[in-house]
Every structure is written in C-alpha cells, then in structure tokens.
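Trainee: The chain contents come next:
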Amino acid sequence: MNDLDLRNDLRIERLAKSYGPEATVLEGLDLTVPGGALAALLGPSGCGKTTLLRIVAGFLDADAGTVAVGGRTLVGPGVHLPPERRRIGIVPQEGALFPHLSVARNVAFGLTGLDRGERYYRTEEMLDLVGLAGYGDRMPHELSGGQQQRIALARALAPRPALVLLDEPFNALDSALRAGVRADVRAALRATGATALLVTHDQQEALSTADLVAVVRQGRIAQCDTPQNLYRRPADPWVAGFVGDAVLLPGAVANGGSTATTSLGNVALTNPPDGRSTGTVVLRPEQLRLVDPATAEAVRGKVTDVCFYGHDAKVSVAVRGLGDPVDVRVSGAVSIDPGEETGIRVTGEATFHP
Amino acid sequence: MNPTAVDTTESAARPAGAPAPAGRRRVPTTRGAPPGSGRRPPLVLLVPACVAALFALLPLGYLAVRALERGPGYAWDVVADERTLQLLSRSLGLTAVVVAACLVLGVSLAWLTVRTALPGARAWSVLATLPLAVPSYVAAFTWLAAAPENAGFAGAALALTLVSFPYVHLPVAAALRGIDPAQEEAARSLGHGPWRTFLRVTLPQLRPAAAGGALLVALYVLSDFGAVSLMRYDTFTRAIHTSYRASFDRTPAAALSVVLVVMTVALVAAEARTRGRAGHARTGAGTARPAAPIPLGRWRIAALAWCATVVAVAVAFPLGTLGYWLAVGSSAIWDLGDLARTAWTTLGVAAAGAALTTLLALPVGVIAARHRGRGVRLLEQAAYAGHALPGITVALSLVFFAVRYAYPLYQQLPLLVCAYAVLFLPVAVAATRAAVLQAPPVLEDVARSLGRSPISVLREVTVPLAAPGVAAGAALTFVVCMKELPATLLLRPTGMDTLATRLWTETGAGSFAAAAPYAAALILLAAIPSYLLGRHRT
Numbered sequence: 001m002n003d004l005d006l007r008n009d010l011r012i013e014r015l016a017k018s019y020g021p022e023a024t025v026l027e028g029l030d031l032t033v034p035g036g037a038l039a040a041l042l043g044p045s046g047c048g049k050t051t052l053l054r055i056v057a058g059f060l061d062a063d064a065g066t067v068a069v070g071g072r073t074l075v076g077p078g079v080h081l082p083p084e085r086r087r088i089g090i091v092p093q094e095g096a097l098f099p100h101l102s103v104a105r106n107v108a109f110g111l112t113g114l115d116r117g118e119r120y121y122r123t124e125e126m127l128d129l130v131g132l133a134g135y136g137d138r139m140p141h142e143l144s145g146g147q148q149q150r151i152a153l154a155r156a157l158a159p160r161p162a163l164v165l166l167d168e169p170f171n172a173l174d175s176a177l178r179a180g181v182r183a184d185v186r187a188a189l190r191a192t193g194a195t196a197l198l199v200t201h202d203q204q205e206a207l208s209t210a211d212l213v214a215v216v217r218q219g220r221i222a223q224c225d226t227p228q229n230l231y232r233r234p235a236d237p238w239v240a241g242f243v244g245d246a247v248l249l250p251g252a253v254a255n256g257g258s259t260a261t262t263s264l265g266n267v268a269l270t271n272p273p274d275g276r277s278t279g280t281v282v283l284r285p286e287q288l289r290l291v292d293p294a295t296a297e298a299v300r301g302k303v304t305d306v307c308f309y310g311h312d313a314k315v316s317v318a319v320r321g322l323g324d325p326v327d328v329r330v331s332g333a334v335s336i337d338p339g340e341e342t343g344i345r346v347t348g349e350a351t352f353h354p
Numbered sequence: 355m356n357p358t359a360v361d362t363t364e365s366a367a368r369p370a371g372a373p374a375p376a377g378r379r380r381v382p383t384t385r386g387a388p389p390g391s392g393r394r395p396p397l398v399l400l401v402p403a404c405v406a407a408l409f410a411l412l413p414l415g416y417l418a419v420r421a422l423e424r425g426p427g428y429a430w431d432v433v434a435d436e437r438t439l440q441l442l443s444r445s446l447g448l449t450a451v452v453v454a455a456c457l458v459l460g461v462s463l464a465w466l467t468v469r470t471a472l473p474g475a476r477a478w479s480v481l482a483t484l485p486l487a488v489p490s491y492v493a494a495f496t497w498l499a500a501a502p503e504n505a506g507f508a509g510a511a512l513a514l515t516l517v518s519f520p521y522v523h524l525p526v527a528a529a530l531r532g533i534d535p536a537q538e539e540a541a542r543s544l545g546h547g548p549w550r551t552f553l554r555v556t557l558p559q560l561r562p563a564a565a566g567g568a569l570l571v572a573l574y575v576l577s578d579f580g581a582v583s584l585m586r587y588d589t590f591t592r593a594i595h596t597s598y599r600a601s602f603d604r605t606p607a608a609a610l611s612v613v614l615v616v617m618t619v620a621l622v623a624a625e626a627r628t629r630g631r632a633g634h635a636r637t638g639a640g641t642a643r644p645a646a647p648i649p650l651g652r653w654r655i656a657a658l659a660w661c662a663t664v665v666a667v668a669v670a671f672p673l674g675t676l677g678y679w680l681a682v683g684s685s686a687i688w689d690l691g692d693l694a695r696t697a698w699t700t701l702g703v704a705a706a707g708a709a710l711t712t713l714l715a716l717p718v719g720v721i722a723a724r725h726r727g728r729g730v731r732l733l734e735q736a737a738y739a740g741h742a743l744p745g746i747t748v749a750l751s752l753v754f755f756a757v758r759y760a761y762p763l764y765q766q767l768p769l770l771v772c773a774y775a776v777l778f779l780p781v782a783v784a785a786t787r788a789a790v791l792q793a794p795p796v797l798e799d800v801a802r803s804l805g806r807s808p809i810s811v812l813r814e815v816t817v818p819l820a821a822p823g824v825a826a827g828a829a830l831t832f833v834v835c836m837k838e839l840p841a842t843l844l845l846r847p848t849g850m851d852t853l854a855t856r857l858w859t860e861t862g863a864g865s866f867a868a869a870a871p872y873a874a875a876l877i878l879l880a881a882i883p884s885y886l887l888g889r890h891r892t
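In the order they appear, the protein sequences are chains A and B. In terms of my numbering, the first sequence has 321 at position 321, counting the first letter as 1, and numbering is strictly consecutive. Take the position in the second sequence, starting the count at 1, then add 354; the result is the number in my numbering.
Just chain B, with the same shape it has in the complex (with noise of 0.2 Å):
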C-alpha cells in the first residue's frame, strides 16, 4: 500500500478528536523564502479565516466560562471528590491497556508484513487497515451480540483495541519501509546478529513512530463514548452523557467536560513534541532500494498463525457477527422504510456538515499553506482545537452556548451541523492545506506577474489546482460525520435519528436482532466514500 494511500484509509477512519497526522507538518519549499512570507494574507482570506477559528475556540472558551459560572469553588468541589478520581483511574486505566494491546500488535503486524519473508504481506497489510473503517461502537455492538457478557472493562478494552491498533501499525510499517537497509547491513558487518540489530538500529527508529501512534490511540480511547457506553463502563465521557441527562444542574457535567479536555490537550502537547524529536530523528529522504526480507524458517507457522488470529478477531469476527444477526433478523424484525429514512437523513446531515466545514476550512487552509508568521501560526492552532476535544465536550458547549444566547437553535440541526464542523475542521484544513501546498507556489508567482490581484489568482490558479484535495477532503469529513456518534445524540433535534444513533440505542436495548441493519448499512455507506477516495489518490 503506497503512503497516500494509507493516508487515506487512516483518515477516513479517524475519530472525533484524533489528530489528522497530515495536520501539522510544514513542508519547505524549494528555494528562498515562501511566497508570501512576511506579507500579511489578503484580506478576503483573513477574515473568514479568522471567523473560522473563533467558531472553532468557542466552545472551549464557553466551556471555561460554564465551569467557572459558580466560582472556582464550586467547580472545584464537582471535580475533587472521589467520583472524578475514580473516573479519572477507570480511563486512565482503560487507555493504559488499549494503547500496550495495541502498541503489540501494530508493531509485531508492520515488522512481520514489511520486514519479513511473510506469505501474502501485502494482503495481511492491507487487512490489518481495515479495522479503521469500523467504527468503535460497531465493535462494541458485535461483541456484545456475540456474547452480552463481555460488557465490562475487557470487552471496552478488547473493542477499542481491535479498532484503533492500526492506528500504530500503520505509522511504524511506513517508518520501516523508510529506514535504509544499508544502516542493518552495516550493523550486520560490525559483527551484530539479526536480533541485536533489530534491538539496536531498528527499534529506536521506530520509537518516534510507535510513540506518535501509541497517542493517537490513547486520545481515541479517552474521547472515546461508543463503545464505553454501550460496554457499560464509565469513563469521562459516559459520566458526562449521564450527568448531562440526569440532572438539571450542568455545572457537573461542564467541570467533568474540563478535566476531559485539560488531559486531551495535554496528550495533543506530548504527541506534538514527538512529532518535533522524530522530526530530527530521521536522515535522508527514504531508501532507493527495499530492504531485503528476513526469511523466517521455523517461524513461518506461528508467524502466519498470529497475523490470522488477529484477522480474524478485528475482521472476520465483527463482520461474521453482524451477518448472523442480519440472518437472524432477517424481515422479522427490519422495517425497510425506517431503514431507509435513517438512512437518508443521516447522508443529508453528514452532507450539510461536510460542506459547512470544507467552507469554514478554505480560507484557513490555503493561509496555512502559503503563509507564516505568529498570526498564521495561531490561527493554523485554533482551527485545530477540534484535535483536542471529545465530541461529547463539543456538544455541550454547544448546548450551553445555544440555550444562552441562541434558543431558536437548541435542538435543532444547525446546530449539530456546527458541532460536526468544530469537531472536523481539523481533517478538513488538513486536507485543503496539503491539496494548496501541492499547487507549487511558483505558479501563483507567474499569475501574479501576468496581471493578476490575490483574489483572481486564488480563483483561477490555487482553488482548480487544489479542487481536487479539497474535494477529497470534503469527502473524508462526509465520512467522519455520518459516523459521529456523541455530538449527535446529544444535539439532534427530538425525534430524528441517524444510522449511528439508531445503532446505538438498538444495541443499548439489548436488541441486536434490530441494530444490525443500522451497522451495516452505516459500514456501507462509509465504505463508498472511502472507496472513491483510494481511487482518487492512486
């Protein structure tokens, strides 16, 4: 599988809050300084630009505002009381397994299929990505039909693992595709075995990878509320849902709804600093010649063995699992019509909240691309607090914000349109700002040359060049949204449903037999998308 291409499936899977890895690395430019540099961005670019942002922090900032409402003491009387420190250990706890599951896994699988003489590695490759595509409250779903007594901290732990260890596996198989064989062979030739080398040179250049890949998870797993809710164990986000729709008294659920963000932001800080040291880390563009595979002689067996076992439990199993209670099910318990207005309605929400955000994401994305300074720098970072913040935190500031100062809107849809867009405004701006730096910037140079202002430059050179990526940015949001599962609950107007919803409450009931039409038609659904999208890149 070639880089775009994982780029592709890693991005269409990503959950609410999980950073695009695209996101924030700078390409440099060829020669010179960037175009641009050191002049301020037009300002018809500016100010969307900057509206886009603010629209992107104000639910952070309302959320700091609600919390601190009855003083710091109150709030801090919500937070410090054994409740919270339970929470706190029982999601600490969970993403401490998950991310050791799935750092085992990820790196066992990419060693095994990129480095070794493995029957069919491309194909166990590409199988070992595609768990990307479930969402995790799918997996919880399948589980839990299979047998209702997995529910608990192993069957949350077992479910998120199987969904979000690609999330390391595919980092590090790119990292050792890049790694040149001539550093092995040269740790060879100085007299170290194949086990010592691997200890030696590779393993600590995979470290950066690993680590990159182990904090996506660990954010995926705290912003997490599929599959913890449906498994029944309470970590922040369950604790938010339930406070939120227990009581009255939101003050609770907003302290809770910081302390979920305060930890998401920190882990976003940590894994940006990896980001920075395996940034240094590697020398040389990539290797001109593929490393030889290690044959594996004794060890084919179980190496073979191993990569199927976790096929077919992240694979196989969900699917044969959901074709049983599609059979199961079959007429009896399906109304076609239901299945189909939640179908619907799901693609025009997900459509109104693709376009919203591909809209607000343009002007920050070609700034991002073509212009740098603290200004820029600052509004790159706004634009991606959504990295940082849990669907289910999103959704109720927004709730606050709306019941405050904009009632007509609360439960209504463009309401939760507007969640979806701070919630994926990073995968978007990710998206148009790679699409724009593709576009090399001496083209616009030439135009402007030839006469033309800012604006008719972006209109007749940049935005064709970048329609594209932009498109298939847009696409990928699409995606994201119509898997959204928190926001929507908590934001949708009474009485509509999406395929995620309808999933989740179906499965909640315990009504497996008529939830997994809903899984299915959603994996579908997704599936177009993301499948246009491979085809696009390759």
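For reference, chain A alone in the conformation it holds in the complex (with noise of 0.2 Å):
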C-alpha cells in the first residue's frame, strides 16, 4: 500500500535560524533525505534539532536559507508557506492526542477533504496499520503510552502527508515498551513509504531504527551515511564518540597511509590520509580483543578495570605510552581481574584523522 511516491524527498539547504545575536542555533544547514528513508536526526540536547524540526513543520520562521519536500518549496526567499498547508504530519513527544476526541476522531482529524465512507475507511485502515484495530471508540486517556504513540502516527500519516516530522517519540515510555514500538513505527512508516525524519537524542535508536542518521552539531549536521558507515567511518573523532564508545589514540601514518603506528602497534586504515601525517585513530571497543601476553605482537598492559554488563563486559587496560587506559570490549565469560597482565591485538580497519 504504497501510498507515496519516492519522490518525496526533503532537500534541506543553507537553514540559517538566531533567537538573537548571541543565540544563533542554526547557521547553514544542509540536509538531504531521499524519498521514502527514515532520516535520524541525532545530536545532544541544544543542538537545535527541535529548531529544525518546527521551522521544517512551519511553526517558526527561518532566517535564511530553503526547504523544499517533493520538488515543492515551504520555506525560501519570500515564501512560507503556513503548516496547514504543507503535507506534513508531526508526531509529538508523548502523542499529543486531542483529549476530547475519540481515538477514531483523532485519527480522521486531517481527513478533512473525503465524504464520510472514505473518512471511515481510510481510519480503520490507518487503525489496523498500527494495530489497534476495534480501539476506534474509546478515548486517549484509555490507552496506554505506547498506544497513544502508535495512535498519534496513525493520525500524521492518515492525511498521506509528503514527509512525517518524530519528535523524541519514545522517550516518555519506558524500556521495556520502547523497542516494540519503535519496530511497529518503523513498519507502519515502512508500510506506508513515507518520508520521514526521526529527532532523537539516543544513539542506539537511531542506529537500530533509521535507514539514515545525520549528526547535528552547533547548528549543522556533522555527519550525515548510513548507520553502519556512521559507526565504522565517523566523520571525525566528536562524532565517533558521540555514536558510540570509541578509542582514541595518538597516531602517525605509516606505509604509504596504509597503516598507522599507535602505541597499540599498526593499524590499518580504512581511509588514506592526505596531508598531515600525525592525527588520531579511531576505533571501536570491540576491534581490541584480550589475548596472551605472550603472543608475539600483542601489546602488552594491565587491567584496571572491569565492568560487567551481562551481554558483554568491558575491560579497561592501561597500556605504556598512553597516558588514559583503553577500552576492550570482552563477549562472553570474563576471566581476568584488575591487575593481571594482559595483551591486547587489534582487528579490523580503523579511521583516521589528522
């Protein structure tokens, strides 16, 4: 039931918003989301993603700069156009239900241009997409969290909007209900091909649910690929940090850029330096594996701490020449304690930047 063509994509240039001299929040965004992806729009509180959020729905004017959804231009030089007339549908932290609508009048609230029949049909059918089919009568305040949340995107997506805005729309359940929810979205989204963009501080749901997570950072996005190209190749060490544990380490380029030596030995590179030859190397926890210290080029250091997680554990290592303990991340049975001697190896690629 494809409702959307994939040409609704959001094109985002140059978004430029200041709520005075001092407080600039976005200077010169630029974003691209082609049609029918689930963009995550990830970055710390204050980064202004909420700001970029409500200029894309059309409840705050930019200063400068476009958005155009589809081809069709909502925000430019001389044009902004009003939220109503947008075709876009929010789902708001916490729902946001009408409380003095049923859930079936919650749902068909944008249904506004169909007779009664299709109004009908058409609630039913977003109703079933959530799978809350037969809730149609009873009130929001009869639901619980999660419903509601599934309701709410049943209401955004009823009126076929060109893109659909998520504001943080997990963060009010609690764990347990948040992963199921979060995979009914993403199928109802997926269901339905809508365009939509997902704004979230949490990096383990963007990487787990986005096709596409953009890094915001002071106004612009820092990082914009794939989730797995985000995790493995982070546009610098700020960003590698921020989507997940990283290790950084002091590193100069070796072997015609091919490798990089670092106290932890050489390291081979995913991506060949040009210009400086010194930067820092990043990698991830679980590249390091514990081995012998023995083995003949593993490196050798000792254990300072452990924590045990359950699925996995962490193992911090303090290693001569550096001057903080690096991180190994241990699947499984963890059989060292804090002051054993160990040898860390490294596997995989790791990125560099000088």
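Just so you know, these hints were derived from the structure itself, not from any lab. Cβ atoms here follow ideal geometry from the backbone N, Cα and C, with glycine treated the same way. Some clues are possibly wrong.
Computed Cβ-Cβ distance ranges for the label pairs, DEER-style [unchecked claim]:
| id | chain 1 | residue 1 | chain 2 | residue 2 | range |
| --- | --- | --- | --- | --- | --- |
| 1 | B | LEU544 | A | GLY332 | 10 to 20 Å |
| 2 | A | GLU118 | B | SER807 | 20 to 30 Å |
| 3 | B | SER807 | A | PRO77 | 20 to 30 Å |
| 4 | B | ARG726 | A | THR347 | 26 to 36 Å |
| 5 | A | PRO77 | B | GLY727 | 22 to 32 Å |
| 6 | A | PRO77 | B | VAL401 | 28 to 38 Å |
| 7 | A | GLU118 | B | ARG476 | 50 to 60 Å |
Rough simulated footprint, nothing fancy, chain A against chain B, three-plus residues with beta-carbon under 8 Å [as the list claims (entries may be wrong)]:
| id | stretch |
| --- | --- |
| 8 | 475–482 |
| 9 | 705–715 |
These two chains come separately, so use the hints to put the complex back together.
Mentor: What follows is the structure, given as structure tokens:
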C-alpha cells in the first residue's frame, strides 16, 4: 500500500536561525533525505534539532535558507507556507492526542477533504496499520503510552503526508515498551512509504531504527550517513564518540597511508589520509581483543577495571605510552581481574583523523 | 485544601480592584520557543482583543481628561487642600492598621494550621478562608447591627480586617507548604533551635508571600466603599461618592478619583515588584515529603483558643448576627415579593455582566497565553487596568463618558454592565489565560499540521479544551458582579435595586431587620456558584 511516490525527498539548504545575536541555533544547515527513507536527526540537547523540526513543520520562521519536499518549496526567500498547507505530519513527544476526541476522531482529524464513508474506511485502515483495530471508540486516556504513540502516528499518516516528523516519540515510554513501539512505528512507516525524519538524542535508537542518521552539532550536520558507515567511518573523533564508545589513539601514518603506528601497534586504515601524517586513530572497543601477553604481536598492558553488563563486559587496560586506559569489549565470560597483565590485539580497520 | 481549591475560594470573593493572584504568572513552555512566538496573533483575535483593551482603558483615560478639563491649576487647587490631606491620612491610616492586623492573623493561622500538630488543623484552615465569601458591607452590617456604636474607625478597621485576612493567610500557607522540610532539618542539625530556625530559615522565605498578601489587603482597603460608608468613616471612596451626589461640579470627584487611582496603581506596581523577587527567591519545585508537624506541647490550648477566637469573630459572629436579625424581623418586615424581585434583578444584571466580561476576555486570554512580545504584554496589561481601579472611579468615569457622548445610556442598564466588564475583565482574562495554558500548545501544532487554519484550530481544539476553565471564570465573574456595590449604586437605572444596594440602603437607614434577608439572600446566591466551582476544580 504505497501511498506515496518515492519522489517525496526532503531537501534542506543553508538553513539559518538565531534567537538573538548571541543565540545562533542553526548556521547554514544542509540535509537531504531521499523519498521513502527514515532519517534520524541525532544530536545532544541544545544542538538545534528541535528548532530544525519546527522550521520544517512551519511553526517557526527561518532567518535564511530553503526547505523543499518533493521539489515543492516550503521555506525560501519570500516563501513561508503555513503549517496547514505543507502536508507534513507530526508525531510529538508523548503523542499529544486531542483529549476531547475519541481515538477514531483523532485519526480522522486530518481527513477533511473526504466524504464520510471514505473517512471511515481510511480511519479503520490506519488503526489496522498500527495494530489497534477496534480501538476507535476509546478515549485517549484509556490507552497506554505505547498505544497513544501508535495512534499519534496513525493520525499523522492518515492524510497521506509527504513527510512525517517524529519528535523524540519514544522518550516517554519505559524502556521495556520502547523497542516494541519503535519496531511497530518503523513497520508502519515502511508500509506507507512515507519519508520520515525522527529526532532523537539516543544513538542506539538512531542506529537501530533509521535508514540514514544525520548527526547535528552546533547547528550543522556533522555527518549524514547510513548507520553502519556512521559507526565504522565517523567523520571525526567527536562523531565517533557521540555514536558509540570509541578508543582514540594518537598515531602516525606509515606504509604510504595504509597503516598507522600507534601505542597498540600498527593499525590498518580505511581511509588513506592526505596531507598531515600525525593525528588521531579511532577504533571501537569491540575491535580490540584480549590475548595472552606472551603472544608475539600483542601489546602488553595491565587491567585497571572490569565492568560487567550481562551480554558483554568492558575491560579497561592501561597501556604504556597512553595517558588513559583503553577500553576492550569482551563478549561472554570474563576471566580476568584488575591488576592482571594482558595482551591486546587490534582487529579490523581504523579511521584516521589528522 | 489543595492549591486550586484555594485559588477558587480566593478569587470567588475577590473585591473590585484586587488583582487575581494567578494573573500575570508566566507558565514556562516545556521546550524551545513557545508556539506563535515571533508571529503576530491572527487578526480574528487581535482586533477584538484590542477592542477589549481600549474598553478597559477608556475610563482611566477619560478620568484624566475630565480632571484636567479646567486646567491643571484648578484640579490642583481641588486636590491640594486640607481636606484631601485629611482624607489621605485617614485612608492610609486605615490601610496600615488593617494590613498590620491581617499580617498577624494570617501568618499566625497559616503557621499553626500548616506546620504544627494543631488538632483539626485542616478544618481550621478551611474555616479561616470562609470570610472571603463575606462582602465587606455585609461584615459591616453585622457589626453595626450588633452594636451601632461600632461605627467609625474601629468598626471599619475591624470589619475590613475580618474579611481580608485570608488574603495573607492563603499565600503564606501555600508558601509554608512549599518549603522543603530538609532546609529546616539542615538548620536544626547545624545547631539552631526551633525558634531560631523559624526566624532565620522559615520566616525569610515567607516574606514574599506575606508581602504579596499584604498588598492585596491594602488594595482591598483603599478601594473599599461598602464598609467605610456604612461605618461612616470618611476615606477617598466615600468622599468621592458624597461629592458626586452633593454637587453639580464633577471636577472635585474626578480629581479625588485620580488621586485614589494613583495610589492604587502605585500599590499594584509595588506588588508586581515583590512578585518578581518572589520568583527568584524560590528554588526547586515544592517538596516530595511533607514536613513533620511541630508538637505544640503546653501551647496547645492557647493555639486552639486563638484559632477559635478568630473563627468565632470572623465567621460565627456575622452568621449569628444575621440569624438573629432574620429571626427578629421575620414576617413583620419581610416583603418576600420584593426580596424575590431584587434577587431576580441581581441575577439578571450579574449574568449580563459575566457574559460581556467573558466575551471580551476570550481573545485577550488566548493571545496572552499563546503569544509573546511587547504588543501582547501591553494588551494584557491594558486588560488588567481594572485591577488598579476602585469600583467608584470606574463608575464615575463611565458616568462622565455617558453624559458627554452617549446620553441615552446614562442611568441605563448597559452602562452598568459595561462597568462590570471594565472592573472584572482581569478576573475573566486570568481564568481564560490559565485555561488556555492548560491545553498543551503541541495539540494546536498537530492540528495545524493536519491541515487546519488558525481559526479552525481555535474553534475545534483550543476552545473546547479551555471551555471548562473559561466557564469557571464566567461563574467567578458572575459572583463578583453580584456582590459589586459602589459602581452599582452610581450607575443603576433609577428605581432598580440589587441585593447589595438594597442591603446598603437599609443598613444605612439603621433598619437592620429589613436589611438581614437581603444579606442572607446575597450570601446564599453567591455561595452556589462558588460551591459548584469548588466541585468543578476538585
């Protein structure tokens, strides 16, 4: 049931917004989301992601820049389409269902151009889509938090919007519910083929839910990539640390750019650096392995701390030549204690940042 | 009593000219900029809101014009004589005594009922708010009816203190409940005894609440007409009334009114300043754990006696006197038909007043809740002008205006209804604004994103959600209109009486038995909406 053609791409160019001379929120932000994709906007609080969302939805005026969906300019020089004419659905935090209307009337709220029968049919279809068929006569307060959130999505999708904006929609749910609702929302968005922009500050959520993750830092996109690429090839050490645990090592380029020399030995690089030959080498803790200290190519260190998480554990190891201990992720049983000697071996490739 | 219920009772008995405590509070939005900020309110709201604001400012502006009509010199001559000075000292003296007495009563009762192990603390707390339902002229009536020699300064001070001390009691009790007991525990653990802890930790935190309450009392006293006129104690309001009735030269009345308005405006400004500081003085949002009640020990009997005395004098005595005179007068003097007619007229006038006020308040309240900026602030402040205007000055200015520009309205019902709207617009605006703020703005965003224009959003989302609160505000306005005295006296059509004016006339003539049924009917009729409001909120 693809309601939308895949040409509903979101294109944001040089978007700027400030609340005063000292309070610049967005400084020339560029972002493109292909039609039908679910993109996550990931950033620390105060980075401007909510401001961006409100500008796209039409609740806030931008100072400069353009926003277009499917080639239709919504925001631009001399253009500011009011929210009701943008065909953009929003799913706010905590759902924000109209408390004075039944579930069915909430879902049907945006279906103004249809006659009664069509409206009824579309409402039922949407309730079915989010797995809440038969809930139409209930009032919002009679639903659980997760159900309210799914109704909010049904309400946003019902008028076949060109784009759906989700503003930290899973925040209010407790963690046990969150994964389930997240999967349902993703499935419903997939089923309708709607382009969607999900705002979140939870990197796990962004990486596991989205097709594309845009990391926002101080009013600009620091990196926009697939979850895999973002994690494996972060654009800089800050992004690396923001989307997951990172091991940052000072290193010098060797072998014509294919490897770097670090305190953990020679590490293969994904990106041959041009220009500077010293910089930061970024690895993930799961790329490090604990080995017998006697192993030939292993670097030796001393365990300082062991944190057990259940599905895996993090072992901190002090290595000579490094100020801070490096973290090693170990899956399964941990048979090592603080104070013991160990060897470390690096697997896979690292990124290099001059 | 929970805070909303407190607010209800308090506002239900708010006198003309006393600000709504919830009036100018800014409720922070959860995140980001508020919706509509940086955007002009839609014209459908802006135009009627501006009309309402102009309407509220009209009397004030016209009063100034009228007072200066014969040149500032003449007005100055009228104002700067010995009599004005005398009135000034009498008004200020009465205000000072009543405020001091209210502080003693209000703070002591609040502390006893909130923080100590006083037996029946809750019941005492509720009883101590009841005097708010008694209009000042009813209190004055009961004291005069019990002993006519009460008339004068002492009687006026007594009657006004006993109806207005809850204005101190309520905010101080709320502040006491809000203080984190951990602070007092910390002070005790640092070696301070209970008394020093109260003086050095608790009392400083109560200061803003007590000051705010004291200023409300001061405004009440300055703008009061009923009690001082029945007690025959000359203050500005009574002098204005007399001067208006006695002479064809209206300039003296206008000039005196301007002096009175200047005084009340200065008080409101002072009150706004303490409120601003009160906001900074508080940290954290209330307390998760209620404080352990302080044992009273051998002071228990004394504390109980104190509470019992206050309640007896402020509640039991007026009711008792009223009952006595109802019994004495009984059918001999009662004219049931006349009573019913007067009650019916009162209800009709109050309903018209509440309807017009609510209608005018709606656009202002919505804009005040949803938009920001200088223009919006000005608009809101204009609508709150009634806060600072004693009923008598509003009435006077409308009389002037009608005589000059709208003679057919002079001494006609519409003019009286307009006076109610000017006086009580703040009550209705505060209620509307609070009701709209309760509806999350994100709902309006969602409605816009689903294709609704701003007007449809207003009609389909904002108004239905705010309706209960707006209705509560209308009921509140209805009650205060019903109890209004000075403006009604000046503006009522010839031959028309409300319960309040009738009560005033009969008491003034010393026929207490004839006045009693009107007082009883007024209290009963005002109690019904107040009761419904209390139930609605809880």
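Trainee: For each hint, tell me whether it holds in the structure or not.
Mentor: So, going through the hints one by one against the coordinates:
1. B:LEU544 to A:GLY332: 10 to 20 Å: The hinted range 10 to 20 Å is violated for B:LEU544 and A:GLY332, with Cβ atoms some 53 Å apart.
2. A:GLU118 to B:SER807: 20 to 30 Å: At roughly 22 Å between Cβ atoms, B:SER807 and A:GLU118 fall inside 20 to 30 Å, so the hint holds.
3. B:SER807 to A:PRO77: 20 to 30 Å: holds, 24 Å
4. B:ARG726 to A:THR347: 26 to 36 Å: violated, 56 Å
5. A:PRO77 to B:GLY727: 22 to 32 Å: Given range 22 to 32 Å: holds, Cβ gap about 24 Å.
6. A:PRO77 to B:VAL401: 28 to 38 Å: holds, 30 Å
7. A:GLU118 to B:ARG476: 50 to 60 Å: holds, 57 Å
8. 475–482: violated (count 0)
9. 705–715: Coverage by chain A is violated for the stretch 705–715 of chain B (0 residues, Cβ < 8 Å).
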